[in-house]
Amino acid sequence: MKIKKHFVLVLGMLIHLSCTFTIPDYGTVSQQPTIDPDYRDILLPPNIAPLNFIIKEEGEAYKVIFSADQKRIEVNSRNGTIQIPIKKWRKFLKAASGASCTLDIFVKKGRNHWEKYKTITNRVASQPIDSHVVFRLINPGYVLWWDLGIYQRDLTTFRQSAVLSNRLTKQNCMNCHAFCLNNPNSMMLHMRAQLGGTMLIQNGEIKKMNTGTPYTMSAGVYPAWHPGGKHIAFSVNKIFQNFHAHADKSTYVYDTASDLVIYDIEKNQITTSPKVSTKRLENLPTWDPNGKDLYFISAPEFVNNSGYDTIRYDLMRTTYDINTNEWGKVRPVLTAEATGQSITFPKVSPKGRFLMFTMSEHGYFTIYTRSSDLWLYDLTQNHYRKLEVNSDDVDSYHSWSSDGKWFVFASKRKDGLCARLYFSYLDEQGHASKPFLLPQKNPRYYETYLLNYNVPELITGPVRAGHWDIAQRAYLDPTPAAFDSTVQVDALSGATRIKPDESRPYL
Amino acid sequence: MSNKKAHLVFFTAVYILLFLYLLFISKPSLLYFQFQPAFYFDTHFLSGLLIYPGGLADGLSLFFFQFFYQNFVGSLLLASLLLGIVLVFQAQIRILFQEKTAFYVTLIPLYFLILLYNDYNMPLVVALKFFLVLLAAVFYSRSGNVIRIALLCGLPVLYWIIGGWFCLFFVIIVLAVHLSTRTSLISFLLPALFFLTYCLSAFISARFIFQISLKEAFLYIIPPKFYYEPILFKITPQFFALFLSVPLLLLLWRIKINISKKFKRSEKSNFIFLYAPIITNIFAVLVLCSIMLLSLNRDEKRKIYISELAATAQWDKVLAEAKRVSAYDRIVEFQTNRAMCFAGCLLDSLFCIEHPVGVDGLFLDRIIASQIAMIASDLYFDLAHINAAQVMAYEYLTKFSYDPRAFKRLVLTNAINGQFSKAEKFLNLLQKSIVHKSWAKQHAFLLNEEKLLADPAIREKREFMAKRDFFLHSKSPNLDMLALLESNNHNKMAFEYLMAYYLLECKLGNVAAHLSMFKEFDYPSIPRHLQEAAIMYQSGARRIGSELIADFPVQVFVLNNFRQLNRIIAKNKYDAQKAMQFLKPEFGDTFWYYLISGGAERNDALKQRKVESLY
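Chains as they are written, first to last, in this note's numbering: chain A, 1 to 507; chain B, 508 to 1122.
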């Protein structure tokens, strides 16, 4: 018994020593090491999962020491893959919250010869990021689809699960998932082709709606939940897609017509106004947190594709009173003429101060446009500027965290092919920190991963509605929405007056 | 001969027969070409196999199936698996009935398997899962009640490995095992419990664990993509017969034993009974041979072979094999058109073959579908229409993810486009495959601009690819061809496809308008069909006073043929329909005959299809 005890003790000491060996002597390298993903000089949330990475420096062995305020984690590796134990990481981040932390990277270059690279200093914010991000995973094909789904990832761990996969719903297409104020209990998503309809998930209740009416050119497309949670602004669109022949370009998605409508969830009614259903291309609505101002983008009427690269969208604002169903005047906020570029995906921060948007050479569907970058409009000072987070490749669809401190966006900077999720912190002055890639347990995860992360939305907790329940409802016929009988124009682009004697089947 | 030796001789003969049949007649490499199985030692690929019941066996089968690219190895593996099924079934009968001579019975499931594999639309995984189930059934039959109950508890694991359909098959065999041994309460109780566990496993999987439909949970056989073109896997009566054969044979064998016990006689003295096993075994092997030879879907085999030949640029063989296909197939026509182009005779021999779908046999993607996307990509790559080839490869990947052909194409197109990080991604994936690793190594040079330009084939693509941007016109590919010719007027293939398009669309004005471009190429003489179209145009243009084609010499024999054609039509009082029967023998391979017999109207048949897969 005694021998056994000693054996365990010695073994334990050996394991401890092997894990925490010290480097007696080493040379220094004046540069920071190359690591992938690039987690250098970043600001990270205090609740993020371990930022595992690969050291891209030649060596026989590797050692990384994470230090912050008396806390220390040491990770050793034979092949440069650094995987940080999650429990230690959590304690470490807790200690470093609101302060800096350092990474000292040692690489063994030869027999007993170690080199220490220049210390990497990161900061840990005191504000946590929303715990989950929801996105669609889809292949990089363009027209067809097969396996796809809406997924959620717990940002505090590496857990990822499908909210709904289309294996359950006859391999149909699903898109445009959206949440009301980052609330996982207020979600919607569209189903296309088979089992078509809009799924509304609110506090455990699941409904399937058909938001298409004879007076709208399509069912609701791009959504924006009203902060009150009882209305959703949609664009209705006629969307087309073309492919470029030239090497530098790939796909071009465009609308030949688009208008705005508002869907009243309780009344199950669609309404619009001549102000937002004009011949122009009104698109991508987004609410101000005050619940009155509605921002959207708008471009001149589509004529033909010959001048596709001159179609540029302006940023517009109108007001809508959900109680009186009254629309205000439409006013330009920022025009394409002023910026020289096309504005798209406007999103107002939760406190209403900033409006983040994407700008590119032309069009609004920027996920295929390399010139696409993120910009920030300060609504209090009427001033806009390009964010620091951009790259040479596509930087597109973004979403705010519930407190407006963090945002997530999709970028193709890593390989030019697949959109990946990047996170950044925005300070009071509107300056964004260097973005960091969604961490994975295996830092080589993205090397061979072929699916695109699409439409990332930050939410404050997991979506609890079960896939089974959503799918059961998806198989039912959708409830058709009615078109507001008080509105005398349609949303078939051009606000054609509805004839009084025309039958309105859904009224 | 002792029973053991008879065993050995019989099964060795069956194995050799299977192996030779597969190697020389059936050719597993064609099965490989049809399915393009690939196995990657990649986290995402492997984890994708774990997210549905049946995925593990699918993965295991993919691992073996990938080696079928070598006909010899494929024959060896498939013959071994098929023999394995026979041996395991033999073991089952021996365990249940202590019967050692009934070789012929064990061949019956093999008959159905051969019938099914002879259609080239069933992946290896069906035979593999069938084998695994029989193996599990043998284990079950040998075991006592305690182990059987342990197996009952382990059924969810088996369900997860092999999927719903095969798990149900196992449960049915369990029932048959019990019914064929003795009928007691346990004969019904245990199978009932197995069935209940199967149902629960399937329901719980769909409800709580995996994101799959109930149908998939209960009855998953193979991945759904194989139910579509070009594979078109179907659940046929033979398929049901395969699965029913095992339990039915077990039950019938029990009946046979009971009967023979009742009518026991002195077998040794009877000549027929003495030689009956040998005669029946020889008969069983003869039946096997007949099934092998008679059920082989020769047309399907030839179609796949043609695609394989096209993939390896053996154009003369493509043309030879295409002539032997009995029923029309759009892919065969498409590959024949390609082959004629590479053989330099497209504009001379285009109308030597039938074009029932008109221009849709020349360009496949006017109606897009994943199943034709890869072949469409092949043509665009030939034409140096790099972005179109790339778009099609991506579209193909949507349904046929991890297809190595698509990965290889995307390595090439991205490298030609100078997008090396994208090319590297696909090279990384190919490096994780045992079979395609060497290709990836050989093509690593594509990531280096200088080395890439040293490759003449790649350099040619760079020269011919679109220099000016335009939108791809999959519905009007002539516009793409014109744009490619605008980028480089030496792109002979683009010219030939442009002219072939106009000929098939019977657009004489367009042929006339672009005819002068032929001078850019090294034709020994003006292609026959262009002459035919030009004469037709000239005669029409003269009548209506349109501009004539200048400087376009027509050969005398073509002119004489045209006169003869007009004579026959005139003889039939200018009734073209009436004249057809007289025209076909002499002019059946001319543009004129194509035009008179319906011309461009024929692609309407394709447009009217109701299902995407009906191409």
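Treat the hints as calculated values from the structure; they're not laboratory data.
Each residue gets a CB set at the ideal place from its N, CA and C atoms; glycine is no exception.
Careful, some of the hints might be misleading.
Said to hold, decoys possible - Partner residues are not named here, just some residues of chain A that face chain B (Cβ under 8 angstroms, in silico):
1. L387
2. G416
3. N442
Claimed, not checked - SDA-like, lysine to any residue: derived pairs with alpha carbons at most 20 angstroms apart:
4. A:K170 x B:K722
5. A:K170 x B:S908
6. A:K441 x B:L553
7. A:K414 x B:S928
8. A:K414 x B:H980
9. B:K732 x A:E57
10. B:K722 x A:Y475
11. B:K722 x B:F750
12. B:K722 x A:N172
13. A:K249 x B:F1069
To be verified - On the chain B side, residues computed to face chain A include the following (Cβ under 10 angstroms):
14. I558
15. E723
16. I875
17. D889
18. Q926
19. F933
20. F977
21. L979
22. L991
23. S994
24. N995
25. N996
Kindly indicate which numbered hints from before are broken by the structure, ordering the numbers from low to high. The structure breaks hints 1, 8, 9, 13, 17, 24 and 25; every other hint is satisfied.
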